[in-house]
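Trainee: Build the complex: two chains, separate frames, hints provided.
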Amino acid sequence: MPGMAPILQVENLKTHFASREGVVKAVDGVSFAIGAGETLCVVGESGSGKSITARSIMGILQKPGRIAAGQILFRKKDGAVVDLAALAPKGPEFRAIRGSEIAMVFQEPMSALSPVHTIGSQIAESAEIHMGLSRRAAMDRAAEVLDRVGFPNARQRLDAYAFQLSGGMRQRVAIAMALTCEPSLLIADEPTTALDVTTQAVILDLLADLSDTLDMALLFITHDLGVVAQIADSVVVMYLGEVAERGPADTLFAAPRHPYTRGLMRCIPEVGRAGTMETIPGIVPHPLNRPAGCPFNTRCPEAIAGLCDVAEPPLTSFAGDGAVACHLYGEYARGRAVHG
Amino acid sequence: MVAYILRRVLIMAPTMVLISVIVFAVIQLPPGDYLDTLVAQMASQGDRVDDAQLAALRARYGLDQPLLVQYFRWISGIVLHGDFGQSFEWNKPIADLIMPRIGLTLAIASVVLFLTSIIAIPIGVYSAVRQYSIGDHLATLFGFIGLAVPNVLLTLGLLYITFITFGLEPGGLFSREYQNAPWSLGKVGDLVAHLWIPVVVLTLAGTAEVIRVMRATMLDELVKPYVETARAKGLSEVRLITRYPVRLALNPIVSKLGWMMPIILSSEAIVSVIVDIPTTGPLLLRALLAQDMYLAGAIILMLAFITVVGTLVSDVLLAVLDPRIRYA
Numbered sequence: 003m004p005g006m007a008p009i010l011q012v013e014n015l016k017t018h019f020a021s022r023e024g025v026v027k028a029v030d031g032v033s034f035a036i037g038a039g040e041t042l043c044v045v046g047e048s049g050s051g052k053s054i055t056a057r058s059i060m061g062i063l064q065k066p067g068r069i070a071a072g073q074i075l076f077r078k079k080d081g082a083v084v085d086l087a088a089l090a091p092k093g094p095e096f097r098a099i100r101g102s103e104i105a106m107v108f109q110e111p112m113s114a115l116s117p118v119h120t121i122g123s124q125i126a127e128s129a130e131i132h133m134g135l136s137r138r139a140a141m142d143r144a145a146e147v148l149d150r151v152g153f154p155n156a157r158q159r160l161d162a163y164a165f166q167l168s169g170g171m172r173q174r175v176a177i178a179m180a181l182t183c184e185p186s187l188l189i190a191d192e193p194t195t196a197l198d199v200t201t202q203a204v205i206l207d208l209l210a211d212l213s214d215t216l217d218m219a220l221l222f223i224t225h226d227l228g229v230v231a232q233i234a235d236s237v238v239v240m241y242l243g244e245v246a247e248r249g250p251a252d253t254l255f256a257a258p259r260h261p262y263t264r265g266l267m268r269c270i271p272e273v274g275r276a277g278t279m280e281t282i283p284g285i286v287p288h289p290l291n292r293p294a295g296c297p298f299n300t301r302c303p304e305a306i307a308g309l310c311d312v313a314e315p316p317l318t319s320f321a322g323d324g325a326v327a328c329h330l331y332g333e334y335a336r337g338r339a340v341h342g
Numbered sequence: 013m014v015a016y017i018l019r020r021v022l023i024m025a026p027t028m029v030l031i032s033v034i035v036f037a038v039i040q041l042p043p044g045d046y047l048d049t050l051v052a053q054m055a056s057q058g059d060r061v062d063d064a065q066l067a068a069l070r071a072r073y074g075l076d077q078p079l080l081v082q083y084f085r086w087i088s089g090i091v092l093h094g095d096f097g098q099s100f101e102w103n104k105p106i107a108d109l110i111m112p113r114i115g116l117t118l119a120i121a122s123v124v125l126f127l128t129s130i131i132a133i134p135i136g137v138y139s140a141v142r143q144y145s146i147g148d149h150l151a152t153l154f155g156f157i158g159l160a161v162p163n164v165l166l167t168l169g170l171l172y173i174t175f176i177t178f179g180l181e182p183g184g185l186f187s188r189e190y191q192n193a194p195w196s197l198g199k200v201g202d203l204v205a206h207l208w209i210p211v212v213v214l215t216l217a218g219t220a221e222v223i224r225v226m227r228a229t230m231l232d233e234l235v236k237p238y239v240e241t242a243r244a245k246g247l248s249e250v251r252l253i254t255r256y257p258v259r260l261a262l263n264p265i266v267s268k269l270g271w272m273m274p275i276i277l278s279s280e281a282i283v284s285v286i287v288d289i290p291t292t293g294p295l296l297l298r299a300l301l302a303q304d305m306y307l308a309g310a311i312i313l314m315l316a317f318i319t320v321v322g323t324l325v326s327d328v329l330l331a332v333l334d335p336r337i338r339y340a
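Just so you know, the sequences run in chain order A and B.
With our numbering, the residue at position 232 of the first sequence is 234, and numbering never jumps.
With our numbering, the residue at position 16 of the second sequence is 28, and numbering never jumps.
Looking at chain B on its own, in the form it has when it is part of the complex (with noise of 0.2 Å):
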């Protein structure tokens, strides 16, 4: 098992630095850089830039430099120092910018997450054992509902009906009263009030997938013969679903968590800016839209190590789960 558990540790180290690579060619793919967005702003509000200063820039950043310098310099701060560097537009460092958004974007995908399972697991055992019932159809149109609706609408009706019916602006992290007032349970009262939009449209957005992954396993599962082993010991029908069927059909459940990561994270920016919460999305959109490079490479970096954990979670408690992997 431990030995399991460092191998896979092993193998995300290479895993990251391909990603970095891909990252920096990423960021460097658009046409001209930062300086360039500069340039272009300031000439529209009459002000011109002259050489010598946009030299004198090019070499501050480093941007003058050849790519595979530019790449080094950018890894090994952030490697060795935890340094991401500056952001061009907000001319601070990106690590004060991007962490409090990294904990809240987290925070928001990990009770999306914990949302989805536990209500997705119950309602995909329970469409199993009960095929073709009418909770099994309800539970499958409530569920293709919430993957067929695009995010981006279901986020502006939840806006759109919380205005009409409650006269709330539920936009932002908090309202007004709260925004500089000390951490109290009204203030928690006020953060859930404005974060559920985004949890139960993402919550929505995945729950149907995992239903559908869970009553096909568990179809498969129920038929199988140790589930009719199970039987002939006279174990009673809950305790011989619980224990055997869904306990093997939550393999595939958990690996596919892990790779739900990545999903919530990217549907996670078009809500997020809706409901203008500041979580990563909108940060990296925005640095996308200025070209501010190192911003929104830090932000894809941190995105795809998040991810890449997450993977590592998923297999270490699949690991757990089946002795068949820990003993392979």
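The shape of chain A in the complex, shown without the other chains (with noise of 0.2 Å):
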């Protein structure tokens, strides 16, 4: 949404994992915005750090983790802005925005869910302690907001334990737990990548309906370019902890730009396409062993020698909001084509 001040906007964000081996950058230098009900796709590989990055605007991060440098600002419900990266995790502060103003929805919910609580009283324990609501109410509460997301006689099944439900009716608890505040920003990491696929497409339907019904701001975690295509309004695509390119999902996925993103949009099977599905070559480096130059260049096709394995490439912007970093847009392309 242009012209609107965004939710959220992260910048340069770098989250740190110091172990014995060195240093792991998880996230190193990741800047986006998500405006007020807006998608945004972060797609990713494994350990491309989609995931440290949603623990750090969460506050959640594991040991050793930490927010090495950079900014969170979140604006709230009452309007103030605040730098959720200068507040301590544990703090009653953030505590307060924490399940009720932002919340998460995890990848997997069979175990995301406590076994030895009912869903009511799981679902009922955000509204206790953020909305002051009394045990009863709080209750009342949980069976709405498990009716809003389309869980059958919820009243009834509010003392049901999770391991009674199926996969799909777990995420739905979940989801439920995280809206029952009504938060103006849902972080929903890999929701649909532990449920089969007519259930996934039925979670991908609900997440987009309530971030449109709720105007509610998504951050919608995946590797699934297919998920993307069918929810993002816009995307960040990372590797390595850094982004290599961002933009609106329809210009994104109609002229990418990073080889990597290309490299990505080829892996999607489609049907009635012959010949054997593309693949990128290589495997993600070590995060402690990341390439010098462009993290991308030692798998890149389009790889300058002397060039993307010397020099990190800048993030180059583009008209319709458009960013890459890819030394194939920046100077050297510049200089290449006033030479050439």
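Stretch-level coverage of chain A by chain B, calculated; a stretch enters the list once three of its residues show a Cβ under 8 Å from a Cβ in chain B: (1) 50-64; (2) 99-106; (3) 116-123; (4) 127-139; (5) 160-166.
No wet-lab data here; the hints were simulated from the structure.
Think of the CB as a built atom: it goes at the ideal place given N, C-alpha and C, for glycine as much as any other residue.
Mentor: Shown next as structure tokens:
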């Protein structure tokens, strides 16, 4: 939504994990913004830092992870803008936001729910601590949100346990839990990966519908470009903790700029396309062994020797809100255009 | 839930039958019987028992019957009439001998179990949440000292210290002035002053293990996704940890407490012999030495029964704690 102040603005976020072998720069200078009600997809392979980005925003990094630099500017419902990166993750100010104004849905709906607490009590808990409701009122609220996410017979099933439900129903419970306090930003970390294909589609529709009707921004993390095409307003492609390319979904899909994005696109299986499916050669380098220059240069079919393996490409912006970190579009390309 | 408990109670019956057979077999294992001990004793005092008298005694106690008959006479007496038979040595009904002692033993074991839980569980939780902190290392050190020092040594040490510093003789149950006095606050205090040594020794011995189990389970639970979900709700750390991972980490502890009972009961024997308190341990030891077989059998059987009941209680507690067991 151009012109509107974003609900969340991540600026040069760096999240590092100090280990015995060295510092793992899981997120290394990531920037993006989400407007109210907008759906932003963060795409990348395992180890690209997309989940760590989400956990940095939520303030739930596991040890020894910590935010080393950058800002996470979040606009609260009362209009005030806070830098989440500067708040103590376990402090009361952050806790008042977490679970209430920003909520999160996780990948594995079975293990993400407590096996020994009823689903009702797990959902109601948010309402109790953030909305100050009594136990009884919180349970009413739980039934209400469960009903909202399409859970059949919600009120009667409040005292069911997670292990008594199917995968799809469990994920609805997890979504209901996140929606309890009507957050203005919902972070979903691969919420459909553990589900079967038909259930995936249903959950995706539900999330898209909720985002629309509740005017809730959705930060959706996935490795599945098919999912991105279905729901995204804008896209951030991450590789080795950095943004490779970002932009509005339609332009990014119509004209992917970064060789990595183009590689990912070619990996999508398509009905009717002949031949074997393409893959990106090689594997993601170990984060402690990050290549010099562009992080993707070891696997890039268009890498320029002497440049891409030496200098890190800066982010080049384009009209229409796109940006790409690739030498093919930077100073080098412009220089070549002038001389050639 | 009711069906679950019923099923568990029904399993107890064959378990107890099996235990009774084993107990009976064990008390029959040593060569000879009580009468041999009696003859040897009298011979050492210069007395002689003639064979006719011996045969009469054998017949009276049923010792001339085949083993199977002896077993059925023994077990049917217990089950049908609560009659554990007669102690050869004390010449008293066994039930009168052991019941007060079982009461005291159970009381000590329960206090030990309770103290172990309230000391070890919070320490285990702290150790896991603050892994590798100074507190964690201290708890580990303290726990392992308790585990490594033999109970005998610890008991003697504590006896020595109380004697040297307070001039008390903490042996027995009561001091002389309270021995035959009616119950009063002073008498209760005197009892506590005498019982604290065995309680401390037995508690220390069990604490380390429970700390380690609690710590290890907590470390597993703390990184589980449901903890992350709960954290994402904005719970305070204290509420988060007590409501979620601790709740799940209690399961192995509860099942462990069930089988800690036999461990306490068997370590109790040594400690009680040293501090001279009338629990079942010293009585069992003496009965075994004197081949007072029905007395020994009755004590072992009762201890086994307590263990089986303890396991039942911990199973029921587990079902209360964990719906996955309840609905299985």
